[in-house]
Structures are given as structure tokens and as C-alpha cells.
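K.L.:
All chains, full assembly: derive it from the sequences and hints.
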Amino acid sequence: MPAELRIENLCKTFTKGREVVNAVRDVNLTVAEGELVTFLGPSGCGKTTILRMVAGFETPSGGTIHVGDEDITTLPVHSRGIGFVFQNYALFPHMSIFENVAYGLKARGEAEDAIGRGVAEALELVGLAGVERRFPNQLSGGEQQRVALARVLVLRPKLLLMDEPLSNLDAKLRLHMRTEIRRIQQHLGITCLYVTHDQKEALTMSDRIMVLSKGHVEQIGTPFELYAEPQTLFVADFIGQANVLPATIGEPAGGMAVTRLGPATLSLRCIAGSGTPAAGPASVVLRPENIRPVAAGEGKLPARVLHRFFVGDHMDYELTIDDMKLPKPLFASVPYEPGLALFEPGNTVGLDFAEKAAIVLFQTPGG
Amino acid sequence: MAGLVSAPALATPPGGGDAARTASVTASLGVYPILGVIWLSLIIFVLYPLFELLKLVFWQDGVLTFKPLMDLLEVPYNVKALYNSLFLGAAVAVSGTFLGFCFAYFTVRMRAPFWLKWIIATLTLLPLISPPFTSAISLSMVLGPNGMILKMLGIPQINLYGFWLTWTAETLTYFPVAYLALSAVLVSLDPSMEDAALSLGSSPWRVFYTVTLPMTTPGLANSLLLLFANSLADFATPLVLAGTYFPVLPTQAYLQITGLYDYRGGAGLSFLLLVPALAAYLLQHYWVSRRSYVTITGKSGARSPVRGMGAIGEGFIFTLCLLLSAFVVLLYAIILQASLVKVFGVNHTFTLEHFEFVFRSGQKAIRDTLIIAAIVTPVGGLMAVIIGFITFRWKSVANMFLDFTCMLNYALPGTVVGIAYVLAFNEEPLQLTNGLTILVTAYIFRYFAAGIRSVVASLHQIDKNIEEASASLGASGTRTFFKITLPLVIPAVLAGMRYLFIHSMTAISATIFLVSVNWTLLTTRILEAMSGSELARASAFSVVLIVLVFISSGIMAYIVKTYSARLAGAGES
Ligand SMILES: Nc1ncnc2c1ncn2[C@@H]1O[C@H](COP(=O)(O)OP(=O)(O)OP(=O)(O)O)[C@@H](O)[C@H]1O
Ligand SMILES: [Mg+2]
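Chains as they are written, first to last, in this note's numbering: chain A, 1 to 367; chain B, 1 to 573.
By construction, these hints were calculated from the structure, which means they are not laboratory data. These numbers were taken from a predicted model, which means no experiment stands behind them. Don't be surprised by glycine CBs; every beta carbon is placed ideally from N, CA and C.
With a straight-line Cα cutoff of 27 Å, these simulated DSSO-like cross-link-like pairs (lysine-lysine) come out:
| no. | chain 1 | residue 1 | chain 2 | residue 2 |
| --- | --- | --- | --- | --- |
| 1 | A | Lys328 | A | Lys200 |
| 2 | B | Lys364 | B | Lys342 |
| 3 | B | Lys464 | A | Lys106 |
| 4 | B | Lys80 | B | Lys67 |
| 5 | A | Lys328 | A | Lys300 |
| 6 | A | Lys214 | B | Lys464 |
| 7 | B | Lys55 | B | Lys80 |
| 8 | B | Lys464 | B | Lys561 |
| 9 | B | Lys395 | B | Lys483 |
| 10 | A | Lys16 | A | Lys214 |
| 11 | B | Lys395 | A | Lys16 |
| 12 | A | Lys106 | B | Lys483 |
| 13 | B | Lys67 | B | Lys55 |
| 14 | A | Lys16 | B | Lys464 |
| 15 | A | Lys325 | A | Lys300 |
Counterexamples of contact, computed for chain A against chain B with all Cβ distances above 10 Å:
| no. | residue |
| --- | --- |
| 16 | Thr30 |
| 17 | Asp113 |
| 18 | Lys172 |
| 19 | His187 |
| 20 | Ser213 |
| 21 | Pro252 |
| 22 | Gly254 |
| 23 | Gly255 |
| 24 | Thr265 |
| 25 | Ala278 |
| 26 | Asn290 |
| 27 | Leu301 |
| 28 | Leu326 |
| 29 | Pro335 |
| 30 | Thr348 |
Pulled from the structure, derived: some chain B residues nowhere near chain A, Cβ distances all over 12 Å:
| no. | residue |
| --- | --- |
| 31 | Ser202 |
| 32 | Pro247 |
| 33 | Phe350 |
P.N.:
Right, here's the structure in full:
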């Protein structure tokens, strides 16, 4: 039966000789029954470690893990009833596909005929009926991955954990498998934790995403929330692309703040929870698709074109604002339409955006 | 350390195991009682005999003393033996490594018909599974006084006994060890580095000595040390070929005990042998083999076809390999012929009388040898699995010491082990001489180390996710061990058992001290025949032994191969 997962104050410290790695710091997360939550973050941020603690392969240094009402923090792996799908599949090479999928049922001591039925059903579910007698080395990567999934699903786990399950597949197969996995997960209503490096994968298949950085949680939210209202510069930059401009704000009120952005003064939307809401230095985030160069003198800010790239369905510009000392150029992405005005590198232009597209974070880069 | 049949598997793989996944598995196997039994047996059969040996050398009238050792070194003949042993070891190491490298380069790096490579690779393995006397017997018929080749050259008077024949025979016997170690290294050298050097404008020969050779250096060092240790420990070859012209330590120690009944002197000479042997082993095991592995890890992408070293070098290697292979064939053919004619070199009338003798008078030796091998192989194999598993899974200082203790008898020359066993088990409370136990334990504790190595190497190769997958599918630690881990290491266990089998059939250096009227061995019968100058009978015994070993080890190799083929490729990405 699917169940709710509750992770509280989870920590993990590795000691390698004298070196201490805080791989996971104080992570809190509740995953509702039937929900799929994806962990997203740069390499080494602790995604795998959290997953392995939930599975029971690692012992947490602190915190608790509950599935339903049961505290499983110290339960042995084999008593947890949690399915784990490995990046490298980890099929048993000396067993046929049937024996692989039947493995968990046999360990549980199920009857022969129940095992036969379960295996057939599970292989059917992943679209692999008929390969029972083959051995893992006689299957393609994608097929092996599905067997790994079937081997776990046949046990009807309370919780399904997947660590970059698709990263060994080619792009096309990945696309196919991700809809397939999502379909099966929703069909069975399984609670699921999913790790991926692939942003698109995370955005398209998750109910919610947890963004991690250096072992701590940056933000948890639906894909849309993360994109529209990133609470940290890290999230803004990590999910999609972001132009970050330094700004100074007045006292915020009613979710809005008077913002001085270079020579312009605007009233912009503030993101609650992105730091201490107070007057002072802050940052303005603008997505590339929300800004565009216009004729000089128009728009909200004066700017200068550095480069122009035509990408087909849109035109990309690199821009700079001369008296704002930007750490890196601004990036604007203008959808193609007939008669689109072109600006040459070196041109002085205006920079235009809708006020509702700009969001204020109470954070400054590097601070 | 005798010939390594499974040298590639003996390289120590990189990376530590994972402490986290171990605790539950080891604990649930009830490891403590097992560990207790293992330690008890190691104390009795490894540490105690060694202790007795050292006690005899350094303990006199209740005080610690270096006097017996000093007395030994006063005798010029003993000093000469020590010097000869080291010199011979170095010479064999160099020549054997050179030949081994040429053969490895030929089979791995040169273009030649597949069947030719196969034949040459198979021939190279022949000395590894032959009893230690084989090359000595046939060489004395070929190059000895009145030897075939010398007669052909018209110089029958020259006497090559001593250094030259011993060196030739040991080189022929041990170069396959170098071949195995170096071909493993060459196979895994990524040819794209050589391609890079070629494309930068180097000639093939320059690429060979600026890129290929330097990258093989750790492997060469490894091979030099292995061969040095093998030669140092060799007892049978110098016994037959060195004679009194060229005394070496193993034979001197043997004669001291069997001829003069001077146990203290024999123990002292063994100690002189023990020191360089152990040093070479430790250097090889803990330093060089680690380094050499570094060069052979790492996945390469698309592999480009291998390149040679240019026409002159390749021509030289090709000729050398062919000639040497032909010589090996000749040596074996001579043994066969000598066993089938009345008197080799004098009367070449066909006769089966020598084989009749072997099967009549040698029947007991054949049966005893087979019984002993049949006991040693499974028991040693089982111990290798258990110890390999424990030391791999459970990293601790105690287990490092366990690992070291298991390797001790393997690292020490057989003569040392044999003398230590005689000293330890000659009297109550552990009066084992004259029995089966002493022979069986001598073999097990001497050769199971190779099994442990290959089990540990294969445990390293098992993806830890596979065992984690088993656990998360609900299997307990015990179930995971028996259903997943054990089946996956079986090829390694079988390889280790094959090694045990071959060596318990063919070894002599340790057991020559331990045979009795009750239990005797084929190898000791060969030695008896040799010392009675009955070359024909010695040849017939050798042929029987080689055939027995060849058939049984072939069967075991076949089982390993079919079983591993099924595992190949799966379980990884
Ligand atoms: N067994 C271990 N011993 C020591 N340090 C470890 C161990 N496992 C992980 N770490 C460290 O913990 C940190 C988090 O590792 P983790 O594998 O969870 O990262 P990840 O987010 O899964 O990265 P990736 O996306 O590359 O898979 C890393 O800095 C890593 O080096
Ligand atoms: Mg990871």
C-alpha cells in the first residue's frame, strides 16, 4: 500500500580520515500518498545520500524517517518494503529475468503460482511480457531498466525510490521511459522519490521538486512555483535561466516594493520567504524570455547590444547596462515573428519588460 | 611462492570496500565462531611452526642469541649458497621477465594468425602445470654431459651443471609467470595513447620505448619480484641441476637436515632464505602490485586496433617466441620419448616397461597424491571463500593481520615451510609426521592464499548495488549471501581451487620433508628416480603426473569458463 513519507531534520556526515563531509544537512520533506517528488541539484549536493538513507543503505547521522506512522529510521533494509531502482539497474547477472523479478516474492515466501502470476503481471505492466527466460546480458539497456522496475513493482512497495534511472539511456528512449514511468506510477498510485540531473525530466514528471544545494534544501514546490517564484537566487538560476540585476528597495508593503534599478525606479513584486523583507540591497530576477531590446530611449532601462545569435525559432541577444556593473551580460530571448526588428552589436538600445515579470529577491549575489 | 596460474586475478584491485553494507551481512552469518576456528587453525598451522623455526635459530639454553646464525655464516660454503641464491634469483628474474614480456607482446600486441597465438599461449602455460622436475629432467638429457644438443654440436665434454643449467631451467619454468602478469597489463593499456604518440610523429619503435614500455614499468617491476621470489624458493631444479658446483639455500637446508640431521643448521639456512623471500613478497604485494593496477584501470572508449613496434623489433620477438616454443615442445617430447624407450640416448627400442613400473610400484603414490589433492582442493576452496569474504567485508586491523597470516606460508619458500612443519609436528602434543594430516594442511595453508586473492578480487568486481538491490527486495543478509554473492564469486573460487589442485599434485619443496612410508607423493617418487639416475622412470612418472594434472585442470578450467560466460556482461551498465 502506498504511504506518506515524512523526513524530519535528516542529516548525514561522512568522515574520510580527517576530512568531514556534511553531505546532508537538516532536510525536511513530506511526500503525500501517491505523490512523485524529484530531487534536483548539482552533482554532490546529497541527492543520492538522502535516497540511500530512506532505503536504509546508509544510517542517518541525525533526524528521523517515517513511512505512514512507522518510524523506519533504523529498520534493516530488508524489512522496509521500499523499492529502489538503481542507475545501473543492478540486475542479478546469474539469474534469468523471471528469477530476477521473482526474487523478492521468493524472499517473502509466496506460493509458486502467486509468484508466477505476479511476475507475469509485473512484466506486462512494463511492457516486457515474454522475456522471462532470457538473462540480463541478453537485454538492451532500456529493457534492463524496465526489468529493474518490474522487479521492484511486483512487490507493491510502500515507496518507490529511483536514482537517475534513465541516465544510461539515449535521449529518445529517455523521453519515452519518462512518460512510461510516470504513467505506471500514477496508475499504481505509488509514492515516489526520483533523482535526476535532467531539468526537463524533473519539470515534466514531478508533482513537486526539491532543489538541493550543498546538502541543504533550497526550495520545495511544484515545477511551476519553482519557475515563477524562485525563493533563492540559486533556484532562480538553477531552474531555467535567470538574469540577476542588483537593486535597492524601499520598505516592502503588500508584496510589492519600490525598487531602484539603475536609473529606473519601479514598483515590483517581492517573493516572500526569499530572505528578510527589509529595505536595502536586493536582487531583481528577469527570465530571458521576458525581456527584449527596443529602440534606444524606449523601454525601462538603457542598454547596449554585445552579441546577437539567431537560433531559428527565436533571436538571442547578449546585452549590458553600462552604468550598472553587471557581473555577467544579460540574456534576452525574443521569439521569432515576421518583421522582427533587429539590433546590431554595438547599438545602444532600450531594455523593456513587463513589471509583473520582474521579481525581487531579498538576497544579493554572493551574500 | 610457486608458479601463479591465475596471476591476473592476483593483482589487488583498487578502491576500498564499503563498510556500511557489511555490518548486517557479516553479523547475520554468525561470523565469530567461524573466525575463531580460522584463527585457531592459522595459529597451529602457520604461526606455531614458524615460531618453532625461529626459536630453534635464535633461542639457545634459555637465552636469545645470534650465535647459531653467526656460526652458519662463518662457513664459506653457506655464504656462497646465500650469495648464489640471490644471484640466481636476480638472473632468473631478468631473463624470465624479458621472455615473458616478449611472449606477452607477441600474443597481445602483434598481428599473427589466431591459431598461432593460441598455440603459443597454451604452450607457455605448460610449464605452469608441470611438476617442478620436468624441465630439469629433460634439460639434463639435452644439455647434460653427453646431452643430445651438445653431442650434435660436437662438444660432449663440456659440463653445464651448476649455474648455467639451473638458470636455463628456472627461466623456462618461470617465464610463464611473467607472461601472465605482463599480458594482463598489456591487454589493458589503452592503444589510443600509442596512437596519440604516432600521430605526433614518433616512429613505431620510438613509441614503443617512450610510451608502451614506460607505461608497463610497474608491471615489469611486479614480474621481476615475482620471478625473483619463485627462483629463490625453487628447490627441485637446483637439486637436480646445480649439484655441488652451485650450492643454493633451499638445497643446502635440505641436505643439512636429511643428510646431516642438523636441524638447527637447516633452520638457520631457512631463516637466511626467509628474509629475502619475505622482503620480495612484501614489496610485490603491498607496493608494486598496487601501483601496477593503476595503469590498468579506467574504461576506454572505442579501442583502436593495436600497433606494433616496427618491423625489426617485431621480427625479433616473433623469431624468439617461435624458437622458444619449439624448444619447450622439444623438452616435453624428450620426456615422453625417454619414458617410452629402453635407455634414452643409448638404446631407443620402444618399451612400456617404465610405465609398467610406474603403475605397479608407483600405484600407491598415484593414489595418495590424488587422495591428498581431492581433500586439499575443496577444503582449501571453502576456507578461501570464507576468509576472502571476511577480510573483504570487514576492514579492521585484526583482519589485515588475518590476511597477512594467510599469505605467510604462501610467501615463504616451501623449504622453509617444510622445515618449520617438521620442527613443529615431530613430537607431542602435535605429533603429525607420518600422517595424512600434515601433508594436507601443508598444502592447504600454503596454497589457499591464491584462492583468497582471487575471491577478494572478484568481490571487488561485484557491484555493491547488486547486494543492496537484494536487501531492498526483502532478502535477509544470509539470503543475499547465498543467493547473490556466493554464486557470483564461484568462478573465482573455482579458479582458486584449480590452483590448489595443481599445486597439491605437483609441489615438492615443502612436502619432501613430510612424506612417510604411510603417505607418499608422485613428486617424491620422481625425485627418488632422479637420485637413482633412473631417468626413464622419472620421465614416466612425470608423464603420468602431467597427464593427470592436465586433464583435471582442463576440466576445472572448462567449468570456470562456461560458468563465467553466463555472467559476463550483465550486472554492469
Ligand atoms: N560513502 C561516502 N563516503 C564519503 N563521502 C561520501 C560518501 N557518499 C557520498 N559522499 C559525499 O557526500 C556528498 C553527496 O554525495 P551524493 O552521492 O549524495 O551526491 P549526489 O547529489 O547524488 O551527486 P550526483 O548528482 O553526482 O549523483 C558528496 O560530496 C560525496 O562526496
Ligand atoms: Mg547521485
